[in-house]
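Novice: For reference, the chains in residue letters:
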Amino acid sequence: MSSHKRFCTFIVDGLTFGVDVLRVQEVIRFQEMTRVPLASAMVSGLINLRGQIVTAIDLRRRLALTDRPPGQLPMNVVVRTDDGAVSLLVDEIGDVLEVDESTYERPPETLTGAARQIVQGVYKLKDSLLLIIDTNEAVTVHDKVAPGLTKAA
Amino acid sequence: MTETLQQELIKDLLLESHEGLDRLDRELLVLEQGQGGSDSMNNIFRVIHTLKGTAGCLGLSHIEHTAHAGENLLSLLRDGKLVITPAMITSLLALSDALRGMLRTLEATGTDGTADHSELLAKLEQLQVIPAASAATVPAPPATKAVYGLFSDDEPVAPAEGHEPSVAAVPAAAPQPEIQIAKPAVHAHDVGPAASAPEGGNRSSVADNAIRVDISQLDKVMNLVGELVLARNQIIANTAQFDQAALITASQRLNIITTELQESVMKTRMQPIGNVWGKFPRIVRDVSHELHKKVRLVMEGQSTELDRTIIEAIKDPLTHIVRNSIDHGIESPEKRRAAGKAEEGLLSLRAYHEGGQVNIEIMDDGGGINLERVKAKAISQNLLSAERAANLSERESLNLIFLPGLSTADKITNVSGRGVGMDVVKTNIEKIGGSIDLQTQPGQGTTLKIKIPLTLAIIPALIVTSGGDRYAIPQVSLLELVRLEGAQARKGIEQLYGASVYRLRGQLLPLAYLNQQFKVAAGTKKGGPEQDDVINIIVLQADGRPFGLVVDEINDTEEIVVKPLGKQLKGITSFAGATIMGDGRVALILDVVGLAQHANVVAETRDRSAANVQTRAKDSVDNRQTLLLFSVGKDRRMAIPLSLAARLEEFPISKIERTGALDVVQYRGQILPLIRVADYIPGRVTQEAPTDILQVVVYSDQGRSYGLVVSQINDIVEEAITIKRASTARGILGSAVVHEKVTDLLDVPGLIAAAEATSAQSAA
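Chains A and B are the protein sequences, given in the same order. Numbered continuously in this note's numbering, the first sequence closes out at residue 143. Numbered continuously in this note's numbering, the second sequence closes out at residue 793.
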């Protein structure tokens, strides 16, 4: 196991998150989205990524953070998951960071809620913490099935 | 011989042998029916012979040896030295299974395995004994024997390096076998193996023009065509703004070429449904033998073509249905005789195109489905409560068959009865956008109707706008479009306790507003939908019943490429997928059945057409009725069975004319007498404020129609009603509690008699 790992970093609601660079397909600017009625609030919409239809998940909502202020356009971090490409909507894109394995720690027990499911671990950077995201978990929407969808018996 | 060449050759062997063995099965069954003749025998012989030869060349001695045993018997049969018997057919079918098994082992492991078939071989050997009477002809045909001898050589013959690729299959008699060398994926190959063999009879020449193409290659081409269709749509959407003749001409050409290319590629993916059905004679034979039943299989429309992804998807469900029909449907010969039917049961498969869809019917003339037994089973397996079971309609009871875990077989057989099955069948068929419908008549048989789309990849769709977003509606579910303007738009839509309905040619059409269903704000138009100047209703069909979908705008029809949604959205049954529009944006594709269920517009209670037919029949069974609720005066709630109401109409007061003592209106070229219900029912009726529009329930009896004037049409409900207080009063049958309110049941014939008596009096 190499002692260095590279992460694509981004900012969501003032926090710095990272995704393994090998997981990231591409980073693109804000795209026009088609909203999906009845879907979970975490799903912002669908984008057309060169003919491929990609679901955009708002990380702020997925992480139960406050909503992005109106007018501020999110960026798309398109990640590869077991279920194809999914876009994570973030506030800002940071650098690709190479971090030392020795600075890694499991997330503290005090971390609860949505973040607990998604944050795999923490790298202690010099002046901030880098929260590492489990992409497969981040793109899983645990929301109950939208109301009224139970099939008539 | 190089490794890859060997593998390549084995791949070819597998491909052609599986096909060959399928054909062998078919031909054997033809022979068993006493049809066929020398052609069939030649075909069978050729399959085994080719397999033996090729296997020998590749050093697959086990396969070769086994095939050889069959070949010996077959050559005697072919030369007329032996007459085929059922025992031989059974053994030859077993041989075909054994060979298949070895081929599967070969595919999985690269060797032909060590499975022991000595019993089968001995059997085949034993069958070769020629009856004494014809013993004179025993000497084996020396010439042919010598030729086959070439192939007993275990030493594989390697082709020379750089050998010219040859299109011919292995010619049986050639001293130095030419081995077909193929490019991967796409290679020329004649579909009938050994067509060039000396005994090659009347093989169709079409086969020589066919090539074999790797499925993944075709899928790739199809995907690319899909992208091309999207790009075409995009270009067409944009060229409209330019005024250059050359550009417009080019884009028109692009349009035509793309459409033609798309059609051609689709055609290459089409396969006749016979490819799936080909296996059924064998399955029917095996299953019916196992169950000691006699079944005749009739197939119609084998050449009906379907996209291969769909062929793949329906293969297992169809097989399951066929097995089920024999196991559960068709009775044993004794039972059939007792029931006065032919001992041989009939299982018929029929496929045909209809309205851009493929219909498949599987019909048996067996005992039908015993609904009571299905219900009892469902209750005993805790899938259903007894109370609920009692209230199920016939259709709902039939649908219990599709419940997971339900099995009506009394004993578990090899064939069925494990309770996994019909639910999977239904799920699989619905997954590809199809539907399944079951009809049964006790003692007469059961018919299953499956409707499936021709293709899944590119479909024609209607594009609509609602709440500012575009949605695509697959054209197959579309019945018609209704546009209401001006006054019509303001008045055309009526409310039944909050449920919107529209009278479409006199039938109430339940409506769903797309924006309300999707909880998005209405589009840019001002005011609520009721106040709009224009209302667009898309009449759709879900589960065989119509409903209206109200949208802001109807845009256009377009060919769309269906793309799947991510797993985050899989739970939303209202969407079937998404597509990319001409402007590059994504639009969702509506799943009409899912949407209808979401909007509750196709619940059983709304099944008016069915209710019409069934109400009377059901009355005798239970007291469930579909009732039309209306009010008379301000506060009298009344009801009549919906089946008595021919139509619901509105007449402006200005249209009322008088003849004698009766009010009448001109209605559909007739004079419709109006009966004000309030005037004839006993008891107090609070008079309502006079209105300009009369609400009329048209009642028809023996060719005469009457209009019952009521104050307001309230609702249509299906309820088990119990008449709480039978009435002796004229015009009223009694009272019952409907929707927690006391409701009088109107005696319509009594009321009419009363009205006629009154008018006769006043006329006199």
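Source of the hints: derived by calculation from the structure; they are not laboratory data. Heads up, a few of these hints could be off.
To be verified - Examples of chain B residues toward chain A, derived with CB under 8 angstroms:
| id | residue |
| --- | --- |
| 1 | K548 |
| 2 | K592 |
| 3 | I601 |
What the hints assert, rightly or not - Where chain B lies over chain A, by a calculated footprint (3+ residues, C-beta under 8 angstroms):
| id | segment |
| --- | --- |
| 4 | 26 to 34 |
| 5 | 62 to 70 |
| 6 | 73 to 81 |
As the list claims (entries may be wrong) - Cβ-Cβ distance ranges computed for the label pairs, FRET-style:
| id | chain 1 | residue 1 | chain 2 | residue 2 | range |
| --- | --- | --- | --- | --- | --- |
| 7 | B | Q270 | A | A31 | 36 to 46 angstroms |
| 8 | B | K770 | A | P59 | 45 to 55 angstroms |
| 9 | B | Q270 | A | R96 | 30 to 40 angstroms |
| 10 | B | I277 | A | L119 | 31 to 41 angstroms |
| 11 | A | R96 | B | T297 | 35 to 45 angstroms |
| 12 | B | Q300 | A | P59 | 52 to 62 angstroms |
| 13 | B | P711 | A | A31 | 52 to 62 angstroms |
| 14 | A | E22 | B | E329 | 45 to 55 angstroms |
| 15 | A | A31 | B | D612 | 18 to 28 angstroms |
Note that the Cβ used here is the ideal one computed from N, Cα and C, for glycine as well.
Novice: Hints the structure violates: just list their numbers, smallest first.
Specialist: 5, 9, 10 and 11
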